[in-house]
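Peer 1: Given next are the chains, with one letter for each unit.
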Amino acid sequence: MDFFLSRYRHLTVLLIVITAQLLLIAYQVKTNKDIPLIRVWAVTAVTPVEQGLELVRRYTWGFVEDYFVLLGVRGQNERLRRENGQLKIENNYLKAELSTADRARALSVFQTRSPSRTVAARVIGNGTGANSKVVFVDRGSTSGVESGMAVVTPDGIVGKVVDAYPTASLVMLITDPTFAAGVVSQKNRVHGTLKGQGHAECLVDYVQNEEHVDIGEWFYTSGDDRIFPKGFPVGQVTAAPNGKTFKEIYVSPSGMQGGAEEVLIVLQGVHQEVPGGEVASPAYTILAPPTESAAQTPEGALQPGALVTDADRLRTIYKDAGIEQKHTYGEGVPGSKPPDFTKIPSVHGVPPPNAPAQSAAAQTQPARAQPAQARPSAPNPSAGNPSAGNPSAGKPAAPAPAKPKPLPSAAAAEGDDEPGSGTTPGQPSAPAPRKTPAPVVARPHPPAGVPASGAPDNQ
Amino acid sequence: MTEYTERLLTETPRKDAADRLRLVWLVVIPLIAVLSQVYVPRFIPFLAYLELPLLITVHFALSSAGPIPALFYGMFIGLVQDSLSHQPIGMYGIVKTLVGYFAASVSMRFDVQNPVVTFVLAFFFYFFHQFFYWVLSRALLGEALGFDAQQTVIFGLLNAAVALPLFRVLDKLKVAR
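Sequences listed follow chains F and H, in order.
Numbered per numbering that gives the first Met the number 0, the first sequence finishes at 458, counting up by one with no gaps.
Numbered per numbering that gives the first Met the number 0, the second sequence finishes at 176, counting up by one with no gaps.
Keep in mind that a hint or two might mislead.
Unchecked claim - Okay, the calculated beta carbon distance ranges per label pair:
#, chain 1, residue 1, chain 2, residue 2, range
1, H, A47, F, Y58, 54 to 60 Å
2, H, V115, F, V39, 30 to 36 Å
3, H, K171, F, V39, 46 to 52 Å
4, H, F45, F, V39, 24 to 30 Å
5, H, P40, F, L10, 33 to 39 Å
6, H, K171, F, R8, 31 to 37 Å
7, F, Y7, H, Y48, 33 to 39 Å
8, H, D147, F, Y58, 30 to 36 Å
9, H, D147, F, V39, 43 to 49 Å
10, H, K171, F, W40, 44 to 50 Å
11, F, R8, H, W24, 45 to 51 Å
12, H, A138, F, V68, 43 to 49 Å
As the list claims (entries may be wrong) - Counterexamples of contact, computed for chain F against chain H with all Cβ distances above 10 Å:
#, residue
13, R8
14, A25
15, Q27
16, A44
17, P47
18, Q50
19, Y58
20, T59
21, R73
22, R81
23, D101
24, V108
25, S113
26, G147
27, Q324
28, H326
I should point out that these hints are in silico values taken from the structure, not numbers from a laboratory.
Idealized CB from N, CA, C, for every residue including glycine.
Turn these sequences into a full structure, and let the hints steer you where they fit.
Peer 2: Here it is, written out as structure tokens:
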């Protein structure tokens with residue numbers, strides 16, 4: 000040391016002096032972060048050494064340590080996997096419980112608010128048919144369930160009861176190939192027949208290619224089939240291409256979304272209005288109000304070209320008969336002899352002896368004068384829905400609402416045997432008052448062995 | 000080897016025959032140099048290039064008996080200069096310490112009384128001083144200063160030119176040992 004200091008004395012002193020001044024600078028100077036420069040230098044000088052030491056430790060002792068740590072990882076991993084699996088199962092169970100509770104609550108709310116009388120049921124099993132889409136529900140005849148009853152959920156229709164056993168019922172889902180129901184579109188009021196296809200989507204058949212159906216448009220039950228009350232949602236249109244004769248409208252059933260677990264069986268359905276939607280093609284036109292001159296026309300005098308009803312024609316016939324017998328209407332006192340109307344040809348089929356002039360009109364009018372007798376007064380419940388069949392076929396007509404002139408669109412669905420063959424909205428039709436259909440669906444009573452829909456029983 | 004070169008290397012170094020400055024001058028001259036560097040440029044901006052403290056340090060180192068007194072002297076002048084600057088104290092101190100040390104070391108081997116040698120040493124140490132100060136400023140303080148070598152060379156030549164008469168004057172102040 001003495002040798003070193005004596006030989007390099009000048010250099011040693013220089014280094015000491017320089018170092019002292021460096022420390023002096025470091026003491027004074029602070030960095031932008033207000034850290035003394037001496038600390039920055041110290042950290043900068045020390046940290047590389049620490050990093051090097053840490054690097055050495057990591058690749059030596061750390062490697063050995065990791066090896067021993069990894070020995071227990073396999074067991075820990077298996078344990079965590081088991082725990083994760085259990086948690087997944089528990090999570091799924093809780094989700095299912097929550098979903099069930101939600102559905103049950105929604106079902107309860109819907110059941111309370113729906114005007115139809117329903118009974119809640121739970122799907123307890125599937126049918127055994129290869130292509131059939133049927134399920135068993137836990138409500139049967141002891142709960143008032145009968146064949147032909149509609150099965151719905153708050154989201155839409157699900158199917159219909161095809162067999163009712165004491166404690167269970169067999170429900171044909173709307174996806175069954177033999178299922179059919181009358182439906183109407185929300186926006187354009189297009190009537191058709193919903194048919195199952197055996198898969199997720201259903202087909203709305205018997206809709207003319209000229210009809211307009213939008214993608215995404217909702218279909219509702221029309222009530223024509225007398226199974227499903229009017230106004231229940233069916234599903235949304237997913238595709239509506241034109242076919243050879245009819246449109247091929249595919250509908251995604253809304254009541255089957257996610258599978259139906261809890262359902263409602265409609266014991267007594269009540270028609271509801273199809274929720275709002277603009278009518279694209281009005282079924283009738285409002286005529287202009289009568290002119291003032293028409294209002295001043297004497298009663299009974301029919302103007303040429305004026306609209307003549309059957310009542311007007313009957314009135315004319317009776318008036319003519321009275322005139323022949325020298326009877327003036329409105330002048331006969333009570334107790335006087337009334338005119339003899341027994342020989343009115345339109346009533347008894349005997350032509351009036353002295354009334355050939357009334358001829359043509361008089362001979363043809365009677366047949367048209369009694370439309371209620373000439374035509375079935377009750378609309379065919381399955382009209383427009385041939386596959387749905389007519390459960391009351393061969394029976395007297397059900398008490399029918401007085402519908403003097405059904406609307407063209409309604410006529411297409413109610414009065415015609417061939418769907419789509421009725422009067423189209425584009426054809427002229429006499430204005431007729433529209434009468435609200437009977438609110439309560441007359442539940443069909445099909446003969447034994449014949450399904451309510453008229454479709455062959457697949458069971 | 001020419002006669003001139005041989006004489007440069009074999010002549011007796013300055014410290015052997017040089018007289019010593021009085022202690023008063025050793026204190027007063029650096030102070031005057033530093034103060035002149037502070038005040039003269041205010042009135043004569045052109046003279047801002049003069050680095051009188053450096054020239055004083057070089058002169059003392061070249062005439063000193065060894066590097067140690069020279070480095071302390073350089074340190075002293077540098078610290079005084081630092082005390083009047085906005086830089087941390089020690090920057091000029093370190094640079095002038097090194098200048099004093101190296102100048103004293105060089106003076107042991109060359110005839111520093113030769114005007115050419117004096118001119119070259121003055122130029123060299125000016126350049127070294129400026130360059131080393133720039134290095135320290137970047138390395139220690141992180142200041143992004145630029146180094147204009149051309150300007151430094153020019154100012155080095157000017158300072159070297161000033162050093163010749165200055166050293167003559169300072170030599171006059173020496174007293175025989």
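Peer 1: If a hint holds in the structure, say so; if it does not, say that too.
Peer 2: A quick look at each hint next to the structure:
{"no.": "1", "hint": "H:A47 <-> F:Y58: 54 to 60 Å", "in the structure": "58 Å, holds"}
{"no.": "2", "hint": "H:V115 <-> F:V39: 30 to 36 Å", "in the structure": "45 Å, violated"}
{"no.": "3", "hint": "H:K171 <-> F:V39: 46 to 52 Å", "in the structure": "48 Å, holds"}
{"no.": "4", "hint": "H:F45 <-> F:V39: 24 to 30 Å", "in the structure": "39 Å, violated"}
{"no.": "5", "hint": "H:P40 <-> F:L10: 33 to 39 Å", "in the structure": "36 Å, holds"}
{"no.": "6", "hint": "H:K171 <-> F:R8: 31 to 37 Å", "in the structure": "32 Å, holds"}
{"no.": "7", "hint": "F:Y7 <-> H:Y48: 33 to 39 Å", "in the structure": "37 Å, holds"}
{"no.": "8", "hint": "H:D147 <-> F:Y58: 30 to 36 Å", "in the structure": "49 Å, violated"}
{"no.": "9", "hint": "H:D147 <-> F:V39: 43 to 49 Å", "in the structure": "29 Å, violated"}
{"no.": "10", "hint": "H:K171 <-> F:W40: 44 to 50 Å", "in the structure": "45 Å, holds"}
{"no.": "11", "hint": "F:R8 <-> H:W24: 45 to 51 Å", "in the structure": "27 Å, violated"}
{"no.": "12", "hint": "H:A138 <-> F:V68: 43 to 49 Å", "in the structure": "44 Å, holds"}
{"no.": "13", "hint": "R8", "in the structure": "8 Å, violated"}
{"no.": "14", "hint": "A25", "in the structure": "8 Å, violated"}
{"no.": "15", "hint": "Q27", "in the structure": "4 Å, violated"}
{"no.": "16", "hint": "A44", "in the structure": "13 Å, holds"}
{"no.": "17", "hint": "P47", "in the structure": "17 Å, holds"}
{"no.": "18", "hint": "Q50", "in the structure": "22 Å, holds"}
{"no.": "19", "hint": "Y58", "in the structure": "33 Å, holds"}
{"no.": "20", "hint": "T59", "in the structure": "35 Å, holds"}
{"no.": "21", "hint": "R73", "in the structure": "52 Å, holds"}
{"no.": "22", "hint": "R81", "in the structure": "58 Å, holds"}
{"no.": "23", "hint": "D101", "in the structure": "66 Å, holds"}
{"no.": "24", "hint": "V108", "in the structure": "73 Å, holds"}
{"no.": "25", "hint": "S113", "in the structure": "81 Å, holds"}
{"no.": "26", "hint": "G147", "in the structure": "93 Å, holds"}
{"no.": "27", "hint": "Q324", "in the structure": "131 Å, holds"}
{"no.": "28", "hint": "H326", "in the structure": "129 Å, holds"}
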